[in-house]
Amino acid sequence: MSSHSLEVPAQSIGLVSPQKVLIEKPLTLACGTVLPSHELVFETYGTLNSDKSNAILICHALSGDHHAAGFYEDDSKPGWWDHHIGPGKSMDSDRFFIVSVNNIGSCFGSTGPTSINPETGTLWGADFPSLRARDWVESQKLLMEYLGINCWAAVIGGSLGGMQAMRWSLEHPDKLLNAVVIASSMKLSAQNIAFNEIARRAIKSDPDFCDGNYLQEGKAPLHGLALARMIGHVTYLSDEALGKKFGRELASGDFVDGTEDPIEFQIESYLNYQGDKFSSNFDANSYILITRMLDYFDLSREYNNSPVEAFERAQCKFLLISFSSDWRFSPKRSQEIADALITAGKNVSYAAIDSNQGHDAFLLPNSRYQAALGNYLSRVADQLEAAQ
Amino acid sequence: MSQDFSFISTWIKSGSRLLDLGCGDGSLLADLTRAHDISGYGLEIDPESIENCISRGVNVIEQDLNKGLDNFADNSFDTVVMTQALQAMRYPHLVLDEMLRIGNQCIITFPNFGSWRTRAYLAFRGRMPVTKQLAYEWYDTPNIHFFTYSDFEALCHERNIKVLHRKFIAEQFPDNLLKSLWPNLFTETAVYHLSR
Numbered sequence: 018m019s020s021h022s023l024e025v026p027a028q029s030i031g032l033v034s035p036q037k038v039l040i041e042k043p044l045t046l047a048c049g050t051v052l053p054s055h056e057l058v059f060e061t062y063g064t065l066n067s068d069k070s071n072a073i074l075i076c077h078a079l080s081g082d083h084h085a086a087g088f089y090e091d092d093s094k095p096g097w098w099d100h101h102i103g104p105g106k107s108m109d110s111d112r113f114f115i116v117s118v119n120n121i122g123s124c125f126g127s128t129g130p131t132s133i134n135p136e137t138g139t140l141w142g143a144d145f146p147s148l149r150a151r152d153w154v155e156s157q158k159l160l161m162e163y164l165g166i167n168c169w170a171a172v173i174g175g176s177l178g179g180m181q182a183m184r185w186s187l188e189h190p191d192k193l194l195n196a197v198v199i200a201s202s203m204k205l206s207a208q209n210i211a212f213n214e215i216a217r218r219a220i221k222s223d224p225d226f227c228d229g230n231y232l233q234e235g236k237a238p239l240h241g242l243a244l245a246r247m248i249g250h251v252t253y254l255s256d257e258a259l260g261k262k263f264g265r266e267l268a269s270g271d272f273v274d275g276t277e278d279p280i281e282f283q284i285e286s287y288l289n290y291q292g293d294k295f296s297s298n299f300d301a302n303s304y305i306l307i308t309r310m311l312d313y314f315d316l317s318r319e320y321n322n323s324p325v326e327a328f329e330r331a332q333c334k335f336l337l338i339s340f341s342s343d344w345r346f347s348p349k350r351s352q353e354i355a356d357a358l359i360t361a362g363k364n365v366s367y368a369a370i371d372s373n374q375g376h377d378a379f380l381l382p383n384s385r386y387q388a389a390l391g392n393y394l395s396r397v398a399d400q401l402e403a404a405q
Numbered sequence: 010m011s012q013d014f015s016f017i018s019t020w021i022k023s024g025s026r027l028l029d030l031g032c033g034d035g036s037l038l039a040d041l042t043r044a045h046d047i048s049g050y051g052l053e054i055d056p057e058s059i060e061n062c063i064s065r066g067v068n069v070i071e072q073d074l075n076k077g078l079d080n081f082a083d084n085s086f087d088t089v090v091m092t093q094a095l096q097a098m099r100y101p102h103l104v105l106d107e108m109l110r111i112g113n114q115c116i117i118t119f120p121n122f123g124s125w126r127t128r129a130y131l132a133f134r135g136r137m138p139v140t141k142q143l144a145y146e147w148y149d150t151p152n153i154h155f156f157t158y159s160d161f162e163a164l165c166h167e168r169n170i171k172v173l174h175r176k177f178i179a180e181q182f183p184d185n186l187l188k189s190l191w192p193n194l195f196t197e198t199a200v201y202h203l204s205r
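Just so you know, the sequences run in chain order A and B.
Per my numbering, residue 18 is the first one in the first sequence, and the count goes up by one each step.
Per my numbering, residue 10 is the first one in the second sequence, and the count goes up by one each step.
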């Protein structure tokens, strides 16, 4: 679709474009490596108020990027959280200044495995240092300073994004008023780590992976990355959602005796398409790096493995949201966060929303989800506007 | 503040930790937070009520009381409150035990099915009472365990629950004499403050 025929839907933020900043302050990563400088690509929606108090930070998940809302010219597909970000939407760009950043180690323009290591002048590739969620938080903190924001009105994220929001509340308790943690967990289960390892092995066993040096070799492990994504994609959906969307419908061929046409189910065709689309957009080293980051995340490891002791540091209020059919980050995980926060005496509300969309529900429209998030943030905006 | 809320308010210490089971739209927690600066949490399953709580800034946790309260530790709250919901629980006596395990004290309000109005309704119409307080037909009511003031007194006695205070409310009978002489007959809403 050309930009001329692009009709911007109502309640959309409209056309947006990304910005890029070179953060020149050194960033010491959890692994000990120091990045003397790093680049961040980000988008903003809405207007920062005069006392710079209405800023929201959006934290993306495994495969997310900075393009969370609105449209690019020449692109008919809006940002990944467009259902929730825009004028009058649950994250209301008429009231908040919303910052969405592509995090380091990812592959959409911010410093990561596909960037040049300034010290060697060559691609980082597989040598990009291993990352923890806290590294993303520290990098986001540097962006915050660059934007002149002293305190976030809210830090919001789903899945790995929720982990960053929780980490923010512990690492910089006085730098956020609210943490919104959606379909997330204080640590991954063995089953979750298992799925991530299957994905990594799929990538590494592609002959074009070349021990991670595929870019230098002019190759790309497209097959392995597509397979990794197909595995992940199935786990982000529910049995019911897949059944409803595809059932046993055929994409080609039929079951009539005597026909030799290959039979392909719609779900096969869909998954192959999703896998291929993903592998042409995403970097395999980034996928390995970020799935490891998910696996390593453990909110309370350094707090005697006590989530209560960890959350005692927090000063912000919390909103938790889970989805009933999410089996990768199940409602039980959110309930555990709620229990720890209540025991720690923190302000917390928790909505356990009925949905048949699996883990993906956090990206999709849902009236209860939108009402819970919208009501919560509307109150935050009321208080900020009253204080102005 | 409504009458039952004002009784409850007098029993709550400033700054205490309070858990409200079936907190509805969060109005009790909001009132008590204003009056006593409590640290309060409500449990609720109705989506609209949850949205209302969130709007007014009351801490609300989506949790089904009938599935148990195992996630709350012993004595983790100063007071556990349940207003007008005990009659809707699957096992009211077990809920009461859980409330006294989690809280040092608990407060219960319930509609008294022994009031003259409900008795007269059943006696003269021969139909299950539908009153302002119990506004449901028998087939669609969430209130599955009807009990009277005397039934509740007996339950407390059987389970060795201490009654710290009891208050009786009846809109038509502001006169306390009738309610104190014949509480089971002239009380519409009973308010109990309990401990082990």
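Hints should not be assumed to be uniformly reliable.
[As the list claims (entries may be wrong)] Far from chain A by the CB rule (all over 10 Å, computed), these chain B residues: (1) Arg26; (2) Ile59; (3) Ile63; (4) Ser64; (5) Asn68; (6) Phe81; (7) His102.
[Unchecked claim] Computed list of lysine-lysine pairs in DSSO-like fashion (alpha-carbon distance at most 27 Å, straight line): (8) A:Lys349 / B:Lys76; (9) A:Lys262 / A:Lys94; (10) A:Lys42 / A:Lys192; (11) A:Lys192 / A:Lys37; (12) B:Lys171 / A:Lys204; (13) A:Lys294 / A:Lys221.
These are computed hints drawn from the structure, not numbers from a lab.
Each residue gets a CB set at the ideal place from its N, CA and C atoms; glycine is no exception.
What hint numbers does the structure not satisfy? The structure breaks hints 1, 2, 3, 4, 5, 6, 12; every other hint is satisfied.
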